[in-house]
Amino acid sequence: MTRDQALFEFLCRMGDNTLILGHRVSEWCGHAPVLEEDIALANTALDLIGQTQLWLGLAGEVEGEGRDADKLAFHRDAWDFRNLLLVEMPNGDFGRTLMRQFLFDAWHTILLGRLMTSSEPRVAEIAEKASKEAAYHLERSADTVVSLGDGTEESHARMQAALDYLWPYVGEMFVADAVDQAMAEEGIAPDPASLRPEYDALLGRVLKEATLIIPDSHFAHKGGRDGRMHSEHLGHLLTQMQWLQRAYPDARW
Amino acid sequence: MKNEWPLWEVFIRGQHGMSHRHVGSLHAPDAEMAIKNARDVYTRRNEGVSIWVVEARHIAASSPSDKGPLYEPSESKVYRHPTFFDIPEDVGAM
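These protein sequence lines map, in sequence, to chains R and V. Position 89, counted from 1, in the first sequence is what the UniProt record's numbering calls 89; the numbers after and before it change by one each time, with no gaps. Position 41, counted from 1, in the second sequence is what the UniProt record's numbering calls 41; the numbers after and before it change by one each time, with no gaps.
Take the hints with a grain of salt, since some may be wrong.
Said to hold, decoys possible - Cut-off 35 Å, straight-line C-alpha distance, at most; resulting in silico cross-link-like pairs (DSBU-like, lysine-lysine):
1. R:Lys132 / V:Lys36
2. R:Lys129 / R:Lys71
3. R:Lys208 / V:Lys67
4. R:Lys208 / R:Lys132
5. R:Lys208 / R:Lys222
6. R:Lys129 / R:Lys208
7. R:Lys129 / V:Lys36
8. R:Lys132 / R:Lys71
9. R:Lys132 / R:Lys222
Everything labelled a hint here was simulated from the structure, so no lab data went into it.
Let the hints inform the model, and build the full structure from the sequences given.
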């Protein structure tokens, strides 16, 4: 694996995370429990799609085979996607969506903070821009997790159920493979495992305030970020996200 | 309805040096969330540099039925308008 091949894989991982989560969050548009949350979620989704354009745009450039961000987003099949399993999980209720968002935002802000000092200037530039958006996403999702966790009996029960359901998808963020090793050796991206202490501290702080109990298990579903085995949910998401480009290839408006 | 979040009035300062202007209202459980919601609902197109929120119930308003005594007396007092002076160019916008 050359440096550029590894970098391409890494950039797809970054871009696919934001693309798939952005699409998931956009599914709430017009359906959120209150107007204010509806707009806030749509803003988050748009931020994530905007970041996707940067990550996948750079991925196409590094690959050098003429694929741009749209080509990568709309003309790949499920096994070519490199997103974490966490972000392809269905929205469930509002509580589960916000818990998924919080679990992702916490990791995302820590990672982007490290990427701002990447030895690859194009990566550092994207991280710099994305980190401001991610910081706001985290502020918002953490606040909501606390309000709902430390809320009514019903909201507390739903948030605990959401955390229990999503917890097995957290571990995948911190498992390294050959791509990560190559990125770490080049100083482009940190070793994923090195983010864990900061992540655990942040989660501990917020979830304690939310009166939620972190499950006592380190079991982790894997196979998303290396594309080995996505969940069945990704295919359903892609049929919806990609249908227009599939039915009318390269259509524009 | 008892389960509804309270209503907040939102004021946004568009630029440094300008005053906050009322832009609309929204619902939120507390002041902190009201500011976040205001950020998401009213500053998406780069409209603001500062946000104020106040719970609508704290606003005291004049009564529409008093509009006669409140506003009509000022209608005939043209001398209250500073239109009888020539303003030097140097003064700029007033």
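So, going through the hints one by one against the coordinates:
Simply put, Lys132 (chain R) and Lys36 (chain V) have alpha-carbon atoms about 15 Å apart, close enough for the 35 Å limit, and the pair holds. Distance restraint check for Lys129 (chain R) and Lys71 (chain R): the Cα-Cα separation of roughly 23 Å lies within the 35 Å cut-off, and the hinted pair is therefore satisfied. Proximity of Lys208 (chain R) to Lys67 (chain V) is assessed by CA-CA distance (about 54 Å); at most 35 Å being required, the pair is judged violated. With a C-alpha separation of about 25 Å, the suggested pair Lys208 (chain R) and Lys132 (chain R) falls inside the 35 Å cut-off, and the hint holds.
The suggested pairing of Lys208 (chain R) with Lys222 (chain R) holds, with an alpha-carbon distance near 27 Å, which does not exceed 35 Å. For the hint pairing Lys129 (chain R) with Lys208 (chain R), the CA-to-CA distance comes to about 30 Å; that is within 35 Å, so the pair holds. Under the criterion of a C-alpha separation no larger than 35 Å, the hint pairing Lys129 (chain R) with Lys36 (chain V) is consistent with the structure, at around 20 Å. Under the criterion of a C-alpha separation no larger than 35 Å, the hint pairing Lys132 (chain R) with Lys71 (chain R) is consistent with the structure, at around 27 Å.
Taking the CA atoms of Lys132 (chain R) and Lys222 (chain R), the gap is near 29 Å; set against the 35 Å cutoff, the hint holds.
Against the hints set out earlier in the document, a violation occurs for number 3 only.
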